[in-house]
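Top line first, the protein sequences correspond to chains A and B.
Reading the first sequence from the start, the letters are residues 1 to 467 in the working numbering.
Reading the second sequence from the start, the letters are residues 1 to 68 in the working numbering.
Just so you know, these hints were derived from the structure itself, not from any lab.
Where hints are given, some of them may not hold.
Below, a sample of chain B positions facing chain A; criterion: calculated Cβ distance under 10 Å [as the list claims (entries may be wrong)]: (1) S8; (2) R16; (3) A20; (4) V26; (5) G36; (6) V40; (7) A42; (8) A48; (9) E55; (10) Q62; (11) D65; (12) D66.
All residues carry an ideal CB built from backbone N, CA and C; glycine is no exception.
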Amino acid sequence: MTPLDLSVAELAATLRRRETSALEVTETCLAAIRERDGAVHAFATVTADDARTAAHAADAALARGDAGPLAGVPIAVKDLFAVRGVVRSNGSAACTDDPAAAADAGVVARLRAAGAVIVGTLHMHELAFGATGVNPALGTPANPWQAGRVPGGSSSGSGASVAARLVPAALGSDTGGSVRIPASFCGVTGLKPTYGRVTRTGMTPLAWSLDHAGPLARTVEDVALLLDALAGHDPADATSARVPVRAWSRALGRGARGVRVGVPRAFWTALVDDEVGAAFESALGVLADAGAAVRDVSIPALDYTSAMLGATIMAEARSALGPLVAARRDRIGLDVRVYFEIAKVVTVDHYLAAQRLRTLLYREMCAALADVDVLATPATVVAAPRIEDITMRVGDVEVGVVETVSRLTGPFNLTGLPALALPCGFTRDGRPIGLQLVGGPFAEDVVLAAGHAYQRVTDWHLRRPPA
Amino acid sequence: MALYAAVSDRDVLRERLVSAGVDLPVELIDLVITAGGATVTAFDGLVALAPSDVEPFVPARQLPDDAE
Chain A
1 MTPLDLSVAE LAATLRRRET SALEVTETCL AAIRERDGAV HAFATVTADD
51 ARTAAHAADA ALARGDAGPL AGVPIAVKDL FAVRGVVRSN GSAACTDDPA
101 AAADAGVVAR LRAAGAVIVG TLHMHELAFG ATGVNPALGT PANPWQAGRV
151 PGGSSSGSGA SVAARLVPAA LGSDTGGSVR IPASFCGVTG LKPTYGRVTR
201 TGMTPLAWSL DHAGPLARTV EDVALLLDAL AGHDPADATS ARVPVRAWSR
251 ALGRGARGVR VGVPRAFWTA LVDDEVGAAF ESALGVLADA GAAVRDVSIP
301 ALDYTSAMLG ATIMAEARSA LGPLVAARRD RIGLDVRVYF EIAKVVTVDH
351 YLAAQRLRTL LYREMCAALA DVDVLATPAT VVAAPRIEDI TMRVGDVEVG
401 VVETVSRLTG PFNLTGLPAL ALPCGFTRDG RPIGLQLVGG PFAEDVVLAA
451 GHAYQRVTDW HLRRPPA
Chain B
1 MALYAAVSDR DVLRERLVSA GVDLPVELID LVITAGGATV TAFDGLVALA
51 PSDVEPFVPA RQLPDDAE
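Model the full structure from these sequences, guided by the hints.
Put into structure tokens, the structure is as follows:
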């Protein structure tokens, strides 16, 4: 047993009891990265010296008794968040020669303020424009559960590093599922908070109306602890919401009894792998056995979400990143260049139609959530596909991997509602399967409590990948 | 109907790219046309579906207003 086998909550408590030191934990983490990341390939940059300095400061604060809630906990962040003194590559060879960041992203500053030790930045799908994590230029992180399978993206290194127990928690970003997809494929827990809940300053944008920052860790309790540190209004971010924050990690204990779970069955059953569907149905059974009331709900606008998401991402990404892609075209990967070429034919009519339909989708989801506390779906249609697959078979249908992987997560970027992915089973060949729980606007407390209740009676989140 | 069916998704995209003045690099032509044909047709479908009397969604405004 090493400190990296502990959850964030356990590790923070161990540090507060002074049973270990932040420096010892940090050295253990740096050694694990040094010894095992050659195989995992999760880290873009390791900030060893800064981490040791932060660990010393955390130990001093722990000794004084004024340490933050994450004091001494090692955390790594996706390589699209600015980290002072580190080059932000955004997963692209086009950015590896950029100057180092002069200041931390808002989320990084908040983690440091809570006492966390930032140990490095993590690989990702290029420019966050993809859901598999496959990155020919800078390398594809391994899926710790099965060689040759994608880790999921775009926060690929975030999912892989937590699953491989290189760090107990990581930060990712989520535009169409980029926290929840790697969480699902790598068997960890990931939260996309409500739009506006967590600041995006210092985070490279992909699509302004869809981008969210969020944590990945092994347990719901851990992502709640990170949300405690990350949430809150930031005047430097125009999209940051002025809404009350709370200590979500202390509001997890309400259990599943009486929780009303709504299942948009027509949507998720239209395209799903048999093993994923069976694991999801079992998860609903577990929630029902724990006292939840599970029933089907209807959200017809979900049928159009793939096109809504595509038109919105392409238009907004072209606006945000088009100049960069045009100026550095020779160093941009082929898949991203193809997206940006297609984006040139997205019209104002397409974009506005997508936004109008988003309003209808949001109304329908909120109407459903007036009668239930959370919505539940599988997190992804399939477990992790093979790295080389362009298409795959789901039931009797041959579908494209890229457009299918985000089918169940994307709708909740379109509406901005909080969505949690957590492990709920494995395929026969050992790949993790994810459950997704979604709440109303800023109802992270409801989503996290339901997820925590599920993890109290299951052990999927405690399983570890093969060595 | 027969006339419409003869115009494939890929042909539609090819025409749109020309209309937009997009000069595709040679190595991308097939990839873009293959990957994007159905995509653009699906985007056209959104225009037909979207009611004109519904306001476009603005998450930073809508969600805080609805927060409890």
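Hints numbered earlier in the text: which of these fail when held up against the supplied structure? Numbers 1 and 4 - these are the hints that the structure violates, sorted from lowest upward.
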